[in-house]
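Let the hints inform the model, and build the full structure from the sequences given.
Letter by letter, the chains look like this.
There are 2 protein chains.
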Amino acid sequence: MSLTDNDWYVEQWEDGQSSIGLRLTEAAKVHEEQSPFQKIAIYDTQSFGRLMTIDDLVMLTSRDNFIYHEMMSHPALFAHPNPKRVVIIGGGDCGTLREVLKHPGVEHCLQVDIDERVTRIAEMYFPELCDSNNDPRAELAFIDGVKWMEEVEPGSVDVIIVDSTDPVGFAEGLFKVKFFKTCLRALADPGVMVQQSESPLFHSGLIAGMHKNLKAAGFDAVNTLHFPQCTYPSGWWSCTMAGKHVDPGKPRLGDASEKDFPTRYYHADLHRGALAVPVFLREAIDAE
Amino acid sequence: MSLTDNDWYVEQWEDGQSSIGLRLTEAAKVHEEQSPFQKIAIYDTQSFGRLMTIDDLVMLTSRDNFIYHEMMSHPALFAHPNPKRVVIIGGGDCGTLREVLKHPGVEHCLQVDIDERVTRIAEMYFPELCDSNNDPRAELAFIDGVKWMEEVEPGSVDVIIVDSTDPVGFAEGLFKVKFFKTCLRALADPGVMVQQSESPLFHSGLIAGMHKNLKAAGFDAVNTLHFPQCTYPSGWWSCTMAGKHVDPGKPRLGDASEKDFPTRYYHADLHRGALAVPVFLREAIDAE
Numbered sequence: 001m002s003l004t005d006n007d008w009y010v011e012q013w014e015d016g017q018s019s020i021g022l023r024l025t026e027a028a029k030v031h032e033e034q035s036p037f038q039k040i041a042i043y044d045t046q047s048f049g050r051l052m053t054i055d056d057l058v059m060l061t062s063r064d065n066f067i068y069h070e071m072m073s074h075p076a077l078f079a080h081p082n083p084k085r086v087v088i089i090g091g092g093d094c095g096t097l098r099e100v101l102k103h104p105g106v107e108h109c110l111q112v113d114i115d116e117r118v119t120r121i122a123e124m125y126f127p128e129l130c131d132s133n134n135d136p137r138a139e140l141a142f143i144d145g146v147k148w149m150e151e152v153e154p155g156s157v158d159v160i161i162v163d164s165t166d167p168v169g170f171a172e173g174l175f176k177v178k179f180f181k182t183c184l185r186a187l188a189d190p191g192v193m194v195q196q197s198e199s200p201l202f203h204s205g206l207i208a209g210m211h212k213n214l215k216a217a218g219f220d221a222v223n224t225l226h227f228p229q230c231t232y233p234s235g236w237w238s239c240t241m242a243g244k245h246v247d248p249g250k251p252r253l254g255d256a257s258e259k260d261f262p263t264r265y266y267h268a269d270l271h272r273g274a275l276a277v278p279v280f281l282r283e284a285i286d287a288e
Numbered sequence: 001m002s003l004t005d006n007d008w009y010v011e012q013w014e015d016g017q018s019s020i021g022l023r024l025t026e027a028a029k030v031h032e033e034q035s036p037f038q039k040i041a042i043y044d045t046q047s048f049g050r051l052m053t054i055d056d057l058v059m060l061t062s063r064d065n066f067i068y069h070e071m072m073s074h075p076a077l078f079a080h081p082n083p084k085r086v087v088i089i090g091g092g093d094c095g096t097l098r099e100v101l102k103h104p105g106v107e108h109c110l111q112v113d114i115d116e117r118v119t120r121i122a123e124m125y126f127p128e129l130c131d132s133n134n135d136p137r138a139e140l141a142f143i144d145g146v147k148w149m150e151e152v153e154p155g156s157v158d159v160i161i162v163d164s165t166d167p168v169g170f171a172e173g174l175f176k177v178k179f180f181k182t183c184l185r186a187l188a189d190p191g192v193m194v195q196q197s198e199s200p201l202f203h204s205g206l207i208a209g210m211h212k213n214l215k216a217a218g219f220d221a222v223n224t225l226h227f228p229q230c231t232y233p234s235g236w237w238s239c240t241m242a243g244k245h246v247d248p249g250k251p252r253l254g255d256a257s258e259k260d261f262p263t264r265y266y267h268a269d270l271h272r273g274a275l276a277v278p279v280f281l282r283e284a285i286d287a288e
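Chains as they are written, first to last, in our numbering: chain A, 1 to 288; chain B, 1 to 288.
Just so you know, these hints were derived from the structure itself, not from any lab.
All of these numbers come straight from a predicted model, not from anything done at the bench.
If several chains are the same, the list does not tell them apart, and a pair holds so long as it fits within one copy or across any two.
Think about it this way: if two alpha-carbon atoms lie no more than 20 angstroms apart in a straight line, the pair counts; the simulated EDC-like pairs of lysine to aspartate or glutamate are: (1) Lys259 - Glu283; (2) Lys250 - Asp269; (3) Lys181 - Glu153; (4) Lys181 - Glu151; (5) Lys84 - Glu139; (6) Lys102 - Asp260.
See below:
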């Protein structure tokens with residue numbers, strides 16, 4: 001069978017003037033709906049399993065989402081000395097929630113995503129990501145995460161994970177000083193926040209700006225971690241972590257190396273490795 | 001200007017059933033020729049600079065080749081205690097040669113690529129990669145690298161870098177025990193060899209097989225390093241390193257952190273980080 005058989009899902013990225021294609025099965029698009037907030041679609045691919053897009057942008061695939069979800073959760077939880085109360089802003093596919101709840105010390109994890117349909121569709125098409133949704137420690141709220149953060153009791157959260165879409169439209173505010181200040185206030189002392197921060201290759205300026213904004217908001221220390229993410233622009237992604245009276249650059253690697261839950265990408269040495277960002281990114285951050 | 005303007009270079013990967021696209025300028029394809037060995041083409045892209053393809057597969061772009069070339073050279077050279085004599089098999093674009101010659105201790109670097117046209121075209125379209133070609137320590141030979149390795153004086157090389165194309169056709173033999181045995185014999189004691197080893201996501205079986213074959217050939221220790229490479233299949237790439245009476249897992253990181261030449265991706269902490277391969281890849285290697 002030649003590669004030109006069947007259809008392809010192709011996404012063109014304005015940043016980087018490049019594109020990715022995933023070859024579909026004959027089933028092709030298996031779901032599409034317009035929620036009150038966005039267009040959500042599910043495709044069946046030949047080699048990446050299920051694909052979820054939101055407003056025609058790749059959110060995740062069955063094959064490679066484990067890297068993103070593990071890197072958005074375990075480094076932050078091992079950066080905090082004793083995380084019990086975790087909040088996820090966004091993350092409606094529930095993959096980050098599942099990883100967080102692998103940590104036996106976590107007592108409560110609240111996922112705040114404005115769009116309930118993302119979660120309901122994930123339950124249908126990515127059930128493996130949702131198998132902790134009924135954990136008694138899990139709570140799902142379908143409300144505005146920015147507003148929630150403004151109103152939450154100060155000092156009531158140990159770790160905040162901002163698992164958002166790209167910084168355009170609704171999500172743009174999530175990258176600004178004003179939002180970071182509400183996160184800092186929401187955090188207990190010590191506290192850690194982590195946020196997805198786009199491609200090191202395409203968005204080094206955005207990452208440098210986040211470092212500046214997080215420090216301007218009052219965080220003590222900021223670190224970016226990098227990791228592959230094959231179906232995101234440039235195939236290379238990052239998260240940026242900030243500490244309130246804790247240094248995310250000095251995580252509990254001893255505990256990480258003795259963790260008693262399975263992962264497919266993350267381990268302690270890899271955590272340390274992900275903290276070592278390339279020279280060009282270090283220079284962009286230092287120049288900001 | 002909309003993203004659908006102008007043409008795109010699109011490459012579909014059988015492995016992974018996925019594709020990458022790079023948007024071209026109006027100039028589009030600026031060179032194409034059939035050498036005695038392969039079809040070589042040069043394109044002008046909107047955001048990745050120049051693109052070289054061989055037989056319609058991406059070899060390199062101006063924008064992201066620094067990651068590959070730095071990771072193919074510096075980790076191997078810092079894994080060897082005192083590399084003076086280096087041989088590159090393949091690498092006709094001269095980017096690896098340039099990185100090797102940044103090491104002041106290297107006395108001689110021989111690049112053995114069968115196809116002189118690759119080098120001549122790189123000199124025209126990627127002159128920045130060729131600016132060490134006239135270094136008195138550089139020697140370029142346009143002959144068969146496998147045959148060269150069979151005939152070279154045993155124990156005469158400190159570091160071998162196999163900067164080859166994918167393991168199909170001509171390059172397939174480069175991944176076999178027979179070739180690795182000739183490399184082991186060519187190496188001095190201690191000696192290090194490193195070889196590009198494809199995508200961790202798409203080719204974990206090939207990487208595991210290389211570990212097995214390198215050990216079967218008689219190497220003492222084998223390590224895989226991983227790094228982003230945006231324009232290669234899956235956007236994530238690897239090299240695999242083998243030691244003759246030296247452990248590539250214990251490089252001279254002190255020297256690496258005090259290196260007195262510039263890099264854009266590589267530094268000592270990142271070298272250590274690249275050695276930490278993901279759980280799923282470690283498991284695939286251990287299962288082989």
